[in-house]
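K.L.:
What follows is each chain in one-letter form.
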Amino acid sequence: MNEPQLQPATGTPVIGGNTRAASWKVFYKKLSKNKAALAGALIVFIFVLLALLAPYIAPYEPNKMQIANKLQGPSAEHWLGTDDKGRDILSRILYGSRISLTVGILSTVLGAAIGIVLGIVSGYYGRWVDSLIMRICDVLLAFPGILLALAIVSVLGASTVNVIIAVAFFAIPTFARIVRGSTLAVKKLEYIDAIKAVGARDSRIIFRHILPNITSPIIVQATLYIASAIITAAALSFLGMGTQPPDPEWGTMLSQGRSYIRQAPHITLFPGLVILLVVVGFNLFGDGLRDALDPKTKK
Amino acid sequence: MSMTTTTKTLLEVKNLKQYFPIKGGLFGRTVNHVKAVDDISFHVQEGETVSIVGESGCGKSTTGRAILRLDNPYAGEVIFDGENLLGLSKAEMRKKRQDLQIIFQDPYASLNPRQTVSQIIEEALQIQNIVPPKERRKKIADLLQTVGIGTHQMDRHPHEFSGGQRQRIGIARALSVNPKLIICDEAVSALDVSIQAQVLNLLKDLQRKFQLTYLFISHDLGVVRHISDRIIVMYLGKIVEIADKKSLFENPQHPYTIALLSAIPSTNLEKKRERIILKGDVPSPIDPPQGCRFHTRCPFAFDRCRAEQPGLYKVDGEGHQSACHLVENGQIDFSKVPSNH
Chain G
1 MNEPQLQPAT GTPVIGGNTR AASWKVFYKK LSKNKAALAG ALIVFIFVLL
51 ALLAPYIAPY EPNKMQIANK LQGPSAEHWL GTDDKGRDIL SRILYGSRIS
101 LTVGILSTVL GAAIGIVLGI VSGYYGRWVD SLIMRICDVL LAFPGILLAL
151 AIVSVLGAST VNVIIAVAFF AIPTFARIVR GSTLAVKKLE YIDAIKAVGA
201 RDSRIIFRHI LPNITSPIIV QATLYIASAI ITAAALSFLG MGTQPPDPEW
251 GTMLSQGRSY IRQAPHITLF PGLVILLVVV GFNLFGDGLR DALDPKTKK
Chain S
1 MSMTTTTKTL LEVKNLKQYF PIKGGLFGRT VNHVKAVDDI SFHVQEGETV
51 SIVGESGCGK STTGRAILRL DNPYAGEVIF DGENLLGLSK AEMRKKRQDL
101 QIIFQDPYAS LNPRQTVSQI IEEALQIQNI VPPKERRKKI ADLLQTVGIG
151 THQMDRHPHE FSGGQRQRIG IARALSVNPK LIICDEAVSA LDVSIQAQVL
201 NLLKDLQRKF QLTYLFISHD LGVVRHISDR IIVMYLGKIV EIADKKSLFE
251 NPQHPYTIAL LSAIPSTNLE KKRERIILKG DVPSPIDPPQ GCRFHTRCPF
301 AFDRCRAEQP GLYKVDGEGH QSACHLVENG QIDFSKVPSN H
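Which chain is which? The protein sequence lines are G and S, in order.
Residues 1 to 299 (the UniProt record's numbering) make up the first sequence, in order.
Residues 1 to 341 (the UniProt record's numbering) make up the second sequence, in order.
One should not assume that every hint holds.
Unchecked claim - Covered stretches of chain S, going by a simulated chain G footprint (3 or more residues, C-beta under 8 Å):
#1 101-109
#2 124-131
#3 165-179
No lab work stands behind these hints, which were simulated from the structure alone.
Yeah, the Cβ is synthetic: ideal placement off N, Cα and C, and Gly gets one too.
Put together the whole structure using the sequences plus the hints.
P.N.:
Pasting the structure below:
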């Protein structure tokens, strides 16, 4: 190899292996120092595991009624008791986690995908496109989320799929706004001008240069949004507009246990606690991610 | 390395205006304009280095960006190699971009942090289809060597390099598409003085090697003196003086240039110059002063300056031009003009 005609500008080059691995290390180090975030990650992980393994670990069929055993309190046989139709609450909660997590994740992914596209287009092209998209988002955000979701579900009909659509719809403006803001910040950077000066098309600039540089806020927002999606889905089911009985959705379980809250409070208590736990888990994890992905927080 | 004997004009800017709208009111109407560049004309010969100097906000970077259509100009013509760039369609302009490249000021912001050095350069090669895919890696290695980056560093990310090295990578990217003209937008301003010299010398070497033409945008007269053949001085969106390097530094013919030059620190104790300190601030480019834009701060201003905008007057037969009413009839000795400050 020829000697370079010119010496490198300064000093010795930084010696380092794979930088992607290095930045993951920093990320992991920051996250692992945050105890609350770790707890959140653990909760999320456990619930995902439980949902996946539900058919193998659930002690009973979730929908199997044993009227003779109805309204029993927690016991060795039924750890979390039984409901008004004698169904095992633990099994129903385990199967219910499949529905809740699916609704939470799917609706977030769907809403985020549409929101990201709208946000990038809005931030990158600006002008009237931006005004139009952002005004529509303002209108959507002006509705209380649950009302908007209720309206959509009542038009489409009450079912789990329609809950996903409704919750996803409400996610769109939130993501569009965050992505638009990040796009505005990134598109002003000189490397975007540089690639434009080389002759790149808009699509290349957007997908190869802007999107990879705004993933952090999107990941954080998605994690936090899953929590509120789960709550909204449970609320819709509680109101009878979501997952229909006998499917074991947590919100539906709350709603059904409501009439027996004096004789058998455990029917509502346990699904309620589980909703609380999952939502807290996602929120702690999301907050931790935000701190760990923020390059300004060192350590 | 003066190549003023070349007669071919590579770039000609005619009556370029760059106005940025100020939106206001309930319906976002355009209520006014920031007149960042207001009707300037100049040309750049093939193979020469022309510098644009001026203080922040005078429109020098805006001019560079307008030529490249990074911001589409408000009005005017940019004739490059006989073709008006502003008349090209988006697709034609993308193709044309291989002839005009830019090197940016901030070496920390001008490279995508998620790409490796070879990816950054490969992308440019790919977009303009400079070499077949199989030969790209070889070409990247050559380019990096040309700018003084070791080929063993080509798969590293930008954050592993120093500012000077990053600037070299930016130069390699600009070079990769075989441009004719490179706009250096404050290309060395963010670097340490010692590194500045290295990068400037690199730019000079590359110019010789690849017959490049530079439009060098800077606020630093020392740097400009080192690299330019001709210099354009801008103030508040207007050109106030154009001259070759020698006559500009030795015989400035505009009060603003004189003030700028007097601010260069001198090591020559024998020849003490009088420091001219301009009074007041640069007026707003939204509402520039009537008449000569410099009259609010000019020590020689008289009634005509407040009323009539000066054109670019020819000072001598060599292309020295100045926009000052005092030199309308040829060059004068400004030290003999009574100052009214």
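K.L.:
Within the region 101-109 of chain S, is the number of residues with a Cβ closer than 8 Å to a Cβ of chain G three or more?
P.N.:
holds (count 6)
K.L.:
Test coverage of the region 165-179 of chain S by chain G using CB-CB distances below 8 Å; three residues minimum.
P.N.:
Since 6 is at least three, the answer is holds.
K.L.:
Is the coverage entry for the region 124-131 of chain S by chain G consistent with the three-residue Cβ rule at 8 Å?
P.N.:
holds (count 3)
Of the numbered hints listed earlier, not one is contradicted by the structure.
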